[in-house]
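**Student:** Here is what each chain is made of, one letter per residue.
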Amino acid sequence: DTGVSQNPRHKITKRGQNVTFRCDPISEHNRLYWYRQTLGQGPEFLTYFQNEAQLEKSRLLSDRFSAERPKGSFSTLEIQRTEQGDSAMYLCASSLVWSSGYEQYFGPGTRLTVT
Amino acid sequence: DAKTTQPPSMDCAEGRAANLPCNHSTISGNEYVYWYRQIHSQGPQYIIHGLKNNETNEMASLIITEDRKSSTLILPHATLRDTAVYYCIAQFFGNEKLTFGTGTRLTIIP
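Line by line, the protein sequences give chains E and P. Here the first sequence is numbered in my numbering, starting from 15 and rising by one per residue. Here the second sequence is numbered in my numbering, starting from 10 and rising by one per residue.
Hint data in this document are derived by calculation from the structure and do not stem from the laboratory. Fair warning: there could be bad hints in the mix.
Listed below are several chain E residues computed to face chain P (Cβ distance under 7 Å; list not exhaustive) [said to hold, decoys possible]:
#, residue
1, Pro57
2, Phe79
3, Gly123
In silico lysine to aspartate or glutamate, DMTMM-like type, Cα no more than 20 Å apart, as pairs [what the hints assert, rightly or not]:
#, chain 1, residue 1, chain 2, residue 2
4, P, Lys78, E, Asp38
5, E, Lys71, P, Glu105
6, P, Lys61, E, Glu117
7, P, Lys106, E, Glu117
8, P, Lys12, E, Asp38
9, P, Lys61, P, Glu75
10, E, Lys71, P, Glu75
11, P, Lys106, E, Glu97
12, P, Lys12, E, Glu58
13, E, Lys85, E, Glu42
The beta-carbon is built from N, C-alpha and C at its ideal position, and this holds for glycine as well.
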């Protein structure tokens, strides 16, 4: 299967610790997105990359959050000094833009629990 | 992007067509209508999108009214695996961020 993969699938951490998630997009896709989803809500956009350039960041992405896509392939999302409110599902998606619209392909997500 | 309104939940009998409505009365002429679904504990899955014309693919059909103020996603022969939350999104082409609402929770009844 060559879909979007995310690791780890689950992460439990203590408040104040740093965590890092990885996303591997579909290989030919040049755009990569991060979303966050809390229970009972739809996913919320965090940020996206075109190749290695981070082109947009949501106001949800506080200073404690940083995302990178160093070679335009995989991406990492780091949360520093985690808080209980960071507990959520973190979803990664990738896409390839074409002329009449495009779809985003999502990975299975990383579920973060901050205790 | 235009706001969309969907019923919070719907049931459909297995084998019947599931018709999921979406209202997007403020949609502008160059906003696409996208449908995604999210099966429990999985990431969202793209289903279909359209601008003006009705669209069909192997998963579903999308019917957009002539005034484009509403649309209906049709799953022609629903199966238990179609139980999911379905999201309708109105989005400008080129706007990278999908804005998900709370969607419609569709339950397929055996």
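**Student:** Evaluate each hint against the coordinates.
**Tutor:** Verification of the supplied hints:
For the restraint placing proline 57/E at the interface with chain P, the shortest Cβ-Cβ distance is roughly 5 Å, inside the 7 Å limit, so the hint holds. Hint status for phenylalanine 79/E: violated, given a least beta-carbon distance of 16 Å to chain P, over 7 Å. Interface restraint check: glycine 123/E against chain P, minimum CB-CB distance 5 Å, threshold 7 Å, status holds. About 37 Å separates the Cα atoms of lysine 78/P and aspartate 38/E, which puts this hinted pair outside 20 Å; it is violated.
Between lysine 71/E and glutamate 105/P the CA atoms are separated by roughly 11 Å; this keeps the pair inside 20 Å, and the hint holds. Restraint check: the Cα-Cα separation between lysine 61/P and glutamate 117/E comes to about 17 Å, which is no more than 20 Å; the hinted pair holds. A hinted pair counts as satisfied when its Cα atoms are at most 20 Å apart, and lysine 106/P with glutamate 117/E qualifies at roughly 11 Å. Proposed proximity of lysine 12/P and aspartate 38/E is contradicted: the alpha carbons are some 31 Å apart, above 20 Å.
Between lysine 61/P and glutamate 75/P the CA atoms are separated by roughly 7 Å; this keeps the pair inside 20 Å, and the hint holds. Of the supplied pair hints, the one linking lysine 71/E and glutamate 75/P is violated, its CA atoms being roughly 35 Å apart against a limit of 20 Å. Distance restraint check for lysine 106/P and glutamate 97/E: the Cα-Cα separation of roughly 25 Å exceeds the 20 Å cut-off, and the hinted pair is therefore not satisfied. Distance hint between lysine 12/P and glutamate 58/E is fulfilled; the C-alpha atoms sit about 15 Å from each other, no more than 20 Å.
Distance hint between lysine 85/E and glutamate 42/E is fulfilled; the C-alpha atoms sit about 13 Å from each other, no more than 20 Å.
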